[in-house]
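Fit chain B to the known structure of chain A by using the hints.
Sequences listed follow chains A and B, in order. All residue numbers for the first sequence refer to my numbering, where the first residue is 1 and numbers rise by one. All residue numbers for the second sequence refer to my numbering, where the first residue is 1001 and numbers rise by one.
It cannot be assumed that every hint is accurate.
[Claimed, not checked] Cβ-Cβ distance ranges computed for the label pairs, FRET-style:
| no. | chain 1 | residue 1 | chain 2 | residue 2 | range |
| --- | --- | --- | --- | --- | --- |
| 1 | A | P89 | B | A1029 | 21 to 31 Å |
| 2 | B | A1048 | A | P127 | 46 to 56 Å |
| 3 | B | A1027 | A | R121 | 54 to 64 Å |
| 4 | A | V96 | B | A1027 | 31 to 41 Å |
| 5 | A | L78 | B | T1030 | 39 to 49 Å |
Hints listed in this document are in silico derivations from the structure and should not be mistaken for laboratory results. Quick caveat, the model's predicted, so the values are computed rather than measured. By construction, the Cβ of each residue, glycine as well, lies at the ideal position given by its N, Cα and C atoms.
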Amino acid sequence: MTGQPQPGVPILRLGDVLVTGLLNELDDRTAVAFTEELTERISAEGARGVLIDISRLEIIDSFVARTLMELTTVARLLGARVIVAGMRPPVAITLVELGIELVGVETALNPEQGLAALGWRQAPQPPEGARRGTAR
Amino acid sequence: MALPGESILASRGTKVSARAQSRRPPAPATYPVRTEEDLLTVRHAVRAATVEVGFGLVDQTRVVTAASELARNAYVHGGGGTVTLEYPHEPSGRRGLRLIVKDDGPGIADLDAALTDGFTTGTGLGHGLGGARRLMDEFTVRTGRGEGTVVVATRWTVR
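If we strip away everything but chain A, and leave its shape as in the complex, we get:
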């Protein structure tokens, strides 16, 4: 990935789930770069789930919607399940009026619920790393 323009959106790995987010300043080039980097990471790291936090998006226009739909489809073709989490209520209302239903894109109210749907459970654990074996 060195030498490539960085989209500036960190993609974190939690076991076999990639966690990332979209920034409000998403433009076409950033969107394309982000899609490419995310699909590379899914492939390279064998991710089975992707959580995309969109709570910072103040609007979703048809371009961003298309980006999310394509990303979801590409990830599915690579065997990973995408959940888009944290859409702001005014954005949801506007999307419906715009006529865009994000068909095929799985959503969650917030990142916690999205992660839970991807198989992560919020459970207090002793600090002695009882989880260590299950994270891979």
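Chain B only, in chain A's frame:
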């Protein structure tokens, strides 16, 4: 109620001028749409304008989304253009925000088709023009083959 007409007029007059001083609508402003960065600039300007006019959060989102669709149309299909923001207001006190999006591109050959959901000649979802129309209260398109395109779209505050 029992006041003579003249003083009612006078008091209304002062009220209006006091309000006009504190809430005079901003002058129209025009922004170029030539690059990707311009699209973001337009979005920021429209967001600030919706706040200025006093729209609620959902209406702000509607208007900024519509502006984003229309500006992108001008950029992608029209080869670039301009977005002008105007602040119309009615005597009733109803305020609005008007987007005038112009390009000198090839024009829209079939406007009815372009306003239909799912119709696309580009990279979008085919919801841009029709969708933007649904997000605004008033919406007119002037276009023709080889004549460029002008979209005028207004949203009013609820009064």
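Consistency of the hints with the structure:
1. A:P89 / B:A1029: 21 to 31 Å: holds, 30 Å
2. B:A1048 / A:P127: 46 to 56 Å: Given range 46 to 56 Å: holds, Cβ gap about 48 Å.
3. B:A1027 / A:R121: 54 to 64 Å: holds, 56 Å
4. A:V96 / B:A1027: 31 to 41 Å: holds, 35 Å
5. A:L78 / B:T1030: 39 to 49 Å: holds, 45 Å
Of the hints listed earlier, there is not a single one the structure fails to meet.
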